[in-house]
Amino acid sequence: MNSNPIKIGLEIHMQLDTGKLFCRCGNEAEKESISTFVRKLSLVSGEMGTTDRAAYYEKERDREFHYNVSDNSCLVEIDEDPPHEINQDALLTAVRVARAFGSNVFDHLCVMRKIVVDGSNTSGFQRTSLVATGGSVATSSGTVRVSTICLEEDSARRISEDGRKAVFGLDRLGIPLLEIATEPDIRDADHAVETARMISFIVASAGHFKRSAEAIRQDVNISLGFGRVEIKGVSKLSLIGDGIRSEIGRQTSLAQAVSVLNSRNPGKAYDIKLIECSEIFRNTKSKVILGEASSGKIAFCSLLKGMDGLLKKGEFRLGREIADLVKLFGVKGLLHSDELPGYGIEKDELEKIRALLKPGEGDAFMIVMTQPDLIHVLSKEIQNRLSKIADLDFSETRSVSEDGATHFLRPMPGGERMYPETDIPLIGLVPVFQNAEAMGPLEDMRSLVDRLARQYGISRQDSEVLVNEFKSGSFLELNSIIGDPRLTARVLLQTIPELERTSGAIAYKDLVSTFRLAKEKGLKRESVEAMLAMCSHGASFDEVKKSPIIYPLSEEELKQILSRLDPGMSQSQIIARIRKETGRPINAQVLSRLLDRLKDQEKKSGDGSA
Amino acid sequence: MKEKASFGDKVRLSYNGAEIEGTFISHESGIITVKLKNGYNVALSDDRAEYLSVTRVKRLSEDRNGEREISGGVILLATGGTIASRVDYATGAVKPHYDISSLLGEADIREKLGTKVIDNILSENVTPEKWILMAEHTKKELDKGNHVIILHGTDTMTYSASALSFMFEKQSRSIIFTGSQRSPDRPSSDAFENIRSAITFSSLNVGEVSICMHDSRSDLSERLIRATRSRKMHTSRRDAIRDIDGGGLAGIRNGKVSILGEFRPAADETVLSAKLDNRVALVYFYPGMESGILSRIAEKKKALVVMGTGLGHVSEAIISEIRGIARDGVHVVMTSQCLQGNVNLNIYSTGRKLKDAGVISAGDILPEVAFTKAMYVLANHGENFGETMMKSLRGEISARLLN
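Those sequence lines, one after another, are chains A and B. Each residue of the first sequence is one higher than the one before, counting from 1 in our numbering. Each residue of the second sequence is one higher than the one before, counting from 611 in our numbering.
One should not assume that every hint holds.
Short, incomplete list of chain B residues facing chain A, as computed with Cβ under 8 Å [unchecked claim]:
| id | residue |
| --- | --- |
| 1 | Lys620 |
| 2 | Ser624 |
| 3 | Ala628 |
| 4 | Leu830 |
| 5 | Phe895 |
These aren't lab readings, by the way, just hints derived from the structure by calculation. Beta carbons: idealized from backbone N, C-alpha and C, even for Gly.
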């Protein structure tokens, strides 16, 4: 283990449900794609006249971006109209949150353009502004300092990506994001999770926050002494911990691999020369090679000096560092000598590769399938990455997958990727201060728990969970629709988590629609649950609304079913039977009334025959 | 220390009890703007800020003028506009910028390419004198065997391009105007695609002045439009400049060129008549327009282009005023606010009275084009003004309306 102390900092991004930041579109889309368009992004100079490394890197991949226009986007999101006035509710929320952290709020907001050329912003930049600096949050293992609080636009949602073509949806683009960044005062994975939870609570308690799949995203900055790694877009609290643990493991084993590598290669010469070798695989049986060749890709190979046994053996995974990189250029299969023979590649094919590359003692090699016009860029990028790793500089931006493993995303952006948003004049905050003053301080966690339990008559335990999971905002909004706090709490705390575990996520807008319909038609819990189950299985709300399944059986329908049933069954047997047969909600009152009447009739007819 | 810093200097300030460190951007109207190390700008009220230290930083010369002479290739003539604009740090707004070589880095261009800056103004500041200047620079480049691409603001592009179109009676190479709706300092700028396609279009050797801009909101297709049938139809969209009824000459989609309409091929020689008479006014009629306004506008003018309603009408109340203006020797040309369709003064009595008052109508000519044409005709065919206005010189009037 490295002797440097681990330093961890967080950036918490939370969506505000105030409507979009620089236009008057709402947060939620009904239709996700009413038209499409295609753009390219070009590299531009930063304010100080130099271009940003990460921006350059994206451009090198020369990609085409396809956008689905949702019905909650206008010309602003399409980058065909300059931004409108800033959203005042979002601004007020940002100021109140900043004050809750004890941060210094600036008198003016300078909206900046942060260059992002991965296509996730149609303009090629994200609008962001610094609201406040300083402040802190008190955790059980000490104070964590807040460094900055920013108000920015959320990016477009990435739908798919295939080599040079990426598809995005505009529904999310422009939603206000409040970003709280901390200093690297966090000690370990558990401390990071606790800090994230506390920060999220403070933002949620300002209102304008609804818990949904994408409403919170965290970036984790971690340094073990090999440069800063930023793990981007962690959506769940638990993944923060897992991501940190696996990143520590990766960097530790990578550092060991580097020390072996540097002892073999004192000159650190990592010349990557990709040589065409498609002739060798002319009659290959390898499915990896055949599959890629069928889409026009060609086999290239290169020597990897001193890397034998470091690519994938024991703890070493240097091969993955290369594979993660080339994947970004649309190269799906990377085959290297630690895994060969394998993947259907024959011994004689390998011999020919060896004859071509002439690997020496301790050398490895790799084979990639790619478009020939990418070769120059690809060799340069692999070479740069290996040299950087060999210098024990692991700084970069990474992503995290569900299993907690982190993956290379792009190089760390430099500091020069921002310049002023020239379409928006300075925004004065003094009027906002007055409004914030009038609203008073944010409610703290304990008093919110008390208030929910007292005011809405739900159990203290439910109230605690609602608050802890940042669902109090959703609770208040949904309850205001339906006026049934117990049902609302049950849906948020039981129905939805259960459905999301067993089938699929439910969009917040569908939840709102469900509650509205239930209120309008006087539908009860069983109908609400039936509707949510359909949403969770991927049905659109239009389908849900039209489905008979969500409406309780009418008296007539119940009568008909009962007439077919064995009169000797108990009421609970009958209910189970009807449910199984129809799958529809049963109005218990109507049913028992009918059963009572049946019994009366039996009695009467019994009397009659006697 | 109340020392004044200049752009690019490293500064340290105290502000509201906190210390702010960064790069000095500007100090104006009571606001000090500083760029922090994390890239953000902050704006500090100067009555609460105090300079703690200022470290001078030598600035790189801003003069990175990338002019390149050429013959037998394609020359880009920059006149200003969004396509040649940059962030102005003093005001935070977009301002013209001279260095156009940066625009070329993006285009993978095989043609021989030159660049020249002939002006640097936003297009709303363009004047008829500037059109003559543009025409003369263009002539010089055509004579060197170059195709000419003029980088111009989109706001008044139709005016400039149509003025050049009339002044160039013959042209030996392409003259194409292009611009951008998103400034080139943004990654999403349309400038790069527009320039690249203009260069591709130049090889078609169209012998008319034309405009090349985006054809849709996507970065996939551009359109070459006859200058005299073009109009800016949207304030901010990339495909703002449209051809109105039959001005589409060629299209490009994914690098493939297709011909959309007939055009005059380039001639063997170039004939430029760089003369305009700018004593022309363009007036939009509105309901309730008081009499007296037109006469005041017509003072010292030689021609008045009126945008009338519908088929080319103005209110009864000002017909006699128009009669007087025409009698005093000012040509009155009627165009339509509808933009599409012919002006016809025979249908309603108002039209007949206008015709009787001496008003000239010129088919479906666009108002802005009638305006530049009137300047050209006054200066070059003044003796036959009415007749020449009614004749299509550069495709500005359609013989047959199909839409």
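Structure versus earlier hints - violations, ascending order: 1, 2 and 5
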